[in-house]
Amino acid sequence: MKNIEVNALSKNFKDLTAVDKVSFDVNKSEIFGFLGPNGAGKTTTISMLCTLLKPSTGTALVGGYDIISDPGNVRREIGIVFQDTTLDERLTARENLTFHGELYGMPRAEIGERADALLARVGLTARAGDPVAVFSGGMRRRLELARGLMHKPAVLFLDEPTIGLDPQSRRNLWDYARSLRDSEGVTIFLSTHYMDEAEACDRIAVIDYGEIIALDTPAAHKSALGGDVVSVTGPDLEVLSSEIAQTFDIDPRIENEKVEFNIQQGANFIPTLLDKLEQSVDSVSLRNPTLDDVFVSLTGHQIRDGDISTTEKMRNVQRTGFGRRH
Amino acid sequence: MDIPLLGKNARVSDKKIAGLHFLNVVRVVWLREILIYFRDRPRVISAFMMPIVMLILFGEGLGGIIELPGISYRQFIFPGMVAMIVLMNSIFAGVTIVTDRQFGFLREMLVAPVSRTAIAVAKIFGGATIALINGVVLFAFAPLMGIDISFLIVVKLMGLILLVGFMLTGIGVSIGSRLRTPESFQMLSQAIIFPAMFLSGVFFPVNNTAKWLDFFVQFNPITYAVAPIREIGLGNELEKVSPEVAASLINIQAFGHTFTILEELGVVVGFSLLMLWFAVRGVRNAS
Ligand SMILES: Nc1ncnc2c1ncn2[C@@H]1O[C@H](COP(=O)(O)OP(=O)(O)OP(=O)(O)O)[C@@H](O)[C@H]1O
Ligand SMILES: [Mg+2]
Chain A
1 MKNIEVNALS KNFKDLTAVD KVSFDVNKSE IFGFLGPNGA GKTTTISMLC
51 TLLKPSTGTA LVGGYDIISD PGNVRREIGI VFQDTTLDER LTARENLTFH
101 GELYGMPRAE IGERADALLA RVGLTARAGD PVAVFSGGMR RRLELARGLM
151 HKPAVLFLDE PTIGLDPQSR RNLWDYARSL RDSEGVTIFL STHYMDEAEA
201 CDRIAVIDYG EIIALDTPAA HKSALGGDVV SVTGPDLEVL SSEIAQTFDI
251 DPRIENEKVE FNIQQGANFI PTLLDKLEQS VDSVSLRNPT LDDVFVSLTG
301 HQIRDGDIST TEKMRNVQRT GFGRRH
Chain B
327 MDIPLLGKNA RVSDKKIAGL HFLNVVRVVW LREILIYFRD RPRVISAFMM
377 PIVMLILFGE GLGGIIELPG ISYRQFIFPG MVAMIVLMNS IFAGVTIVTD
427 RQFGFLREML VAPVSRTAIA VAKIFGGATI ALINGVVLFA FAPLMGIDIS
477 FLIVVKLMGL ILLVGFMLTG IGVSIGSRLR TPESFQMLSQ AIIFPAMFLS
527 GVFFPVNNTA KWLDFFVQFN PITYAVAPIR EIGLGNELEK VSPEVAASLI
577 NIQAFGHTFT ILEELGVVVG FSLLMLWFAV RGVRNAS
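Chains as they are written, first to last, in the working numbering: chain A, 1 to 326; chain B, 327 to 613.
Among the hints, erroneous ones may be present.
[To be verified] Which stretches of chain A does chain B cover? Using the computed rule of at least three CB atoms under 8 Å from a CB of chain B, they are: (1) 48-59; (2) 78-91; (3) 101-114.
Honestly, the hints are just simulated from the structure, not real lab data. Cβ atoms here follow ideal geometry from the backbone N, Cα and C, with glycine treated the same way.
Build the full structure now, drawing on both the sequences and the hints.
See below:
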């Protein structure tokens with residue numbers, strides 16, 4: 001059963017096409033990842049699916065309802081954790097949750113119970129009565145996750161949910177996401193720029209410049225990439241590259257002053273490589289494919305340099321609040 | 327009170343549930359407005375500071391200079407001060423929608439299955455309530471201004487403040503829902519509040535102003551909000567002067583017609599509904 005059906009959805013801002021005719025389906029009880037660099041159109045797509053932004057063209061059904069003609073019912077079906085914080089800092093953690101419960105028309109008795117259970121689940125019980133203004137970035141993020149789940153949505157949107165979380169909270173979030181999928185059949189749509197996170201998804205759509213350029217399971221993405229990345233350096237890269245191409249019948253590329261190619265079981269291949277090469281080699285290195293590799297192979301360009309690290313740093317600074325860690 | 331609510335399986339078409347949900351959303355959004363008002367200490371303290379400042383400015387300062395028939399300027403300005411307090415607090419209350427947008431919380435409300443009208447109504451009631459709180463503080467200063475204020479007058483004034491506050495917060499929310507920064511809201515609302523205040527009869531009986539000003543005064547909706555506040559606020563004092571003098575102090579002559587208090591209230595209600603409509607549209611288009 002499909003819980004999200006997107007059909008040629010586009011969004012233009014003046015002459016910028018932020019989202020360009022994307023189409024995909026997300027099944028019920030699936031964790032679906034949206035992987036792309038900054039400005040790829042992830043947030044814009046989520047905003048349209050959540051009824052906060054009108055598409056320029058195209059349509060989508062979320063939870064079985066049309067986002068354009070029936071936004072009210074879509075809103076009832078979904079929960080969302082926005083990329084930027086949307087908590088009320090002057091309210092306490094618990095008040096943020098109970099206010100949410102009231103907005104979604106939950107029965108009064110259930111609101112309190114559910115708020116307390118979720119606060120416990122995200123480890124904020126001891127801080128429930130503190131105003132959010134004194135929360136650290138990670139605590140806010142966890143509270144937002146709890147809030148998104150307050151009203152037991154059938155479809156959960158998470159826009160870069162692990163930004164600002166420490167490794168333990170990150171793992172905790174993923175455990176929770178999987179248990180929601182498995183025990184409650186929740187459909188989860190999340191965006192990320194982390195390869196390791198994308199790997200934990202059931203399926204990943206790679207989005208760049210507003211277009212979906214590949215959509216598959218993580219295993220399929222990886223095998224499409226052709227295995228591990230081997231990088232070789234030497235005095236003459238051009239010659240090295242053509243010799244590797246001829247000897248092993250593979251298609252290397254020259255990048256960042258290195259000859260690089262993909263190969264299954266790279267570790268086992270390196271001895272053979274060194275054995276057969278006539279050219280002199282300075283160094284050989286081996287790594288697992290990264291998001292960059294997926295990008296290079298799919299788009300022919302590198303993930304926009306510096307983008308992620310700088311904006312992410314800024315965000316983390318913004319989010320790092322006062323109070324101590326809990 | 328436990329309200330049966332819009333559970334996940336209820337359809338929007340269920341009118342009764344939808345109606346109850348509407349009221350509940352108005353209630354919680356209003357409650358939050360009041361809660362965050364009281365948590366903002368400087369705002370609460372200013373409720374007590376403003377009357378004292380005004381008392382000195384108008385009671386002691388202008389009070390000694392300006393002469394009016396029948397009553398003292400100090401008495402005359404008291405309901406004007408009430409109107410000023412309501413004016414400033416109500417319009418300014420519209421800033422919360424700007425800060426909600428700035429800090430993202432507006433999206434939390436807009437992505438929820440709630441009526442945009444409910445959000446606008448709640449914000450407007452919130453501003454009116456805050457205006458009322460500030461107005462009531464001012465009542466305590468009535469004796470100092472030489473005003474004989476009775477319980478009945480207080481009750482009537484409270485009702486009036488709520489109504490006028492509704493109209494003025496409507497202006498604030500209409501503006502706020504269309505702006506992105508609190509700074510621009512601050513500038514724009516000042517630019518509205520000051521001329522509107524001077525051209526509404528807050529400081530002088532409107533019939534005393536220069537002819538060319540009359541034009542603005544009669545088109546200023548706030549004129550029709552100030553007049554009933556003055557008529558009710560001065561209630562006991564007006565009984566002590568001749569009907570002609572009383573009329574000269576409180577009546578609005580506009581468009582060749584002398585407005586009765588009911589007509590004035592009609593204008594206020596009409597303009598309130600118009601502002602509500604603008605505010606709802608503003609919230610609906612906000613994102
Ligand atoms: N309201 C807007 N007006 C104009 N342009 C916009 C607007 N919102 C987004 N854009 C543009 O649309 C493009 C896609 O932005 P979007 O926020 O969807 O990217 P993203 O994939 O979420 O990136 P990030 O990883 O940085 O969050 C960007 O070029 C952005 O500048
Ligand atoms: Mg984004």
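Right, here's what the structure says about each hint:
1. 48-59: holds (count 4)
2. 78-91: With 11 residues close enough to chain B, the hint holds.
3. 101-114: That given contact holds, which follows from 8 residues of the stretch 101-114 of chain A lying within Cβ reach (below 8 Å) of chain B.
In summary, this structure violates none of the numbered hints.
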